[in-house]
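**Q** These protein sequence lines are chains A and B, in that order.
The numbering of the first sequence is the working numbering, which starts it at 1 and goes up by one.
The numbering of the second sequence is the working numbering, which starts it at 1001 and goes up by one.
Just so you know, not all the hints are guaranteed correct.
Said to hold, decoys possible - Calculated cross-link-like contacts (lysine-lysine; reagent style DSS-like; alpha-carbon spacing at most 30 Å): (1) A/K136 / B/K1004; (2) A/K306 / A/K296; (3) A/K96 / B/K1004; (4) A/K136 / B/K1156.
Read the hints as simulated data drawn from the structure, not as lab findings.
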Amino acid sequence: MNLSEAQLAHLVLAYHEDQLSTNERHLLDDYLKAHPELQEELTSFIYLDHSDAQYKGSSLIKENLENVTCYAEEQGHPYEKLAIAAQEGELSAVEKKLLIALETDPAYQFIAQQISQTVLIPDYNMQFPNLQRLEKQQPVVRFVPYLTYAAVAVAALFIGVLLVIWPSSPTRHFAQQGKKDKNPPSKLAQAPEAPVVSSVNSTHPMQSTSHLRFDSVSDTSVRIISVIPDQQGHSALQNNSTDGLNTLSRQAVATTTQPVLLHDTDQYSMVSEKAAAGPLKPSSESITMKAFLVQKGNERLFGTAKPSEQQRIETITNYAQQTIGIPLNYSHLNEASRERTVWQIGPIRIEKSSAKK
Amino acid sequence: MTAKEYNQCVHEFADRLYRFALKNVQDSDLAQDFVQDAFERLWLRIDHVDYQRVKSYLFRTIVNLQIDRARRQQLQHAHLTSLPDPVQSPGPAHDVQVLINEGVAKLTEIQRMVLTLRDYEGYSYQEIAELTNLSTDQVKVYIFRARRFLKQYIGKMEVLL
Chain A
1 MNLSEAQLAH LVLAYHEDQL STNERHLLDD YLKAHPELQE ELTSFIYLDH SDAQYKGSSL
61 IKENLENVTC YAEEQGHPYE KLAIAAQEGE LSAVEKKLLI ALETDPAYQF IAQQISQTVL
121 IPDYNMQFPN LQRLEKQQPV VRFVPYLTYA AVAVAALFIG VLLVIWPSSP TRHFAQQGKK
181 DKNPPSKLAQ APEAPVVSSV NSTHPMQSTS HLRFDSVSDT SVRIISVIPD QQGHSALQNN
241 STDGLNTLSR QAVATTTQPV LLHDTDQYSM VSEKAAAGPL KPSSESITMK AFLVQKGNER
301 LFGTAKPSEQ QRIETITNYA QQTIGIPLNY SHLNEASRER TVWQIGPIRI EKSSAKK
Chain B
1001 MTAKEYNQCV HEFADRLYRF ALKNVQDSDL AQDFVQDAFE RLWLRIDHVD YQRVKSYLFR
1061 TIVNLQIDRA RRQQLQHAHL TSLPDPVQSP GPAHDVQVLI NEGVAKLTEI QRMVLTLRDY
1121 EGYSYQEIAE LTNLSTDQVK VYIFRARRFL KQYIGKMEVL L
């Protein structure tokens, strides 16, 4: 026997409501005999018991609903507002008290549970891929070698020029003297007769044989308190003895006890005049770099910007003597028709002669 | 700020910025671009940004990038907004977090932003207001509406399931 689903449902419902007719009961019995597995399902049907369906919460108490002031202008059930405000920590004192009263209210608890589920939880497994590409390095100031070399070269050039100019410049020396002259009268000026002797220690070849020191005696004269090797000095050298130089030095010191006015030496007289005139002022004449370097080189080597031929030879001889460590004699003979220059290195004699023009 | 401090910021904030951006834009590549853009801007202004305020600077940059993107999208896809939401039925497997994520995707741009700043980073209303150029009351209302929407969304989905 076959029954449609609708017929079966009608029979089952009529069975439970005890409204089966005689024919319907026969139909149902026959069907259950054919399908015994439905017998248990039919008898175990659940009946609702309405005895425990009672309201236990305080959701509908008007006072509770009126006390909710948070999110007043927003739509929603007061319990939603309370739950969200509690979640956000925005409850007022009155609402906190109300919340305590609602702790046993299942309706509120249900809403509060749903609200608590709306809190977003970050997924810490979600990480930025390839973090290194975001990193940066401190900008590095690159080392440029040629700039360093250029800077060193400029510094060396500057120092070199300074060394050429500074230590041997008589101009500066006299310029300082000129400044001193502008000062109130010194003891030296007050006692011009008392010479001031100072020793000059230098390895400079020029200075080794010609110890010079200029002191201002008055505004118009310069006193030499050391001596330039003169003919005596040359003769001492010509004696082919190193003692000659020592003798010369002693003579020089002895000679310095008397002031000597310088008249016939071009460079020193010129400089002394400038010194007497006051501080030197920088010349406005233009000069080439080459001329400037030659001038400063001469001042460094020979003690003057424009050395004479004799000064050149004499200085070079002294250089050579100190370099090779062998006494070197030098003589310059100025004859009527020719000039002769003779160097004597031990047994070796070198003579240079030139006819006068 | 030094380069060393900058790199410390990268390690400290990159993941958090990425999570925040990804939650809002729902696009991994775009979120990476936002984070990278934020750090590039920070690097360009490294001498002007205080190390103590660098977190706010980075999040504000991300927020501004999202707002700019949202505006562009509104202009480009204005006609799509009138169409009904295609996602009405639940997916095959749902737990609460999945439902929440779906619901977050349905929030408005600004609601999603303030909610993620609130929940992910724990910013106060005042801080969120400063980051997003909103008032504190606006932030408060946006968060309330977002939570209420999510609560309703969860309830609706659970009934359907």
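**Q** Could you work out which of the previously given hints the structure breaks and list their numbers from low to high?
**A** Per hint list: 3 and 4 violated.
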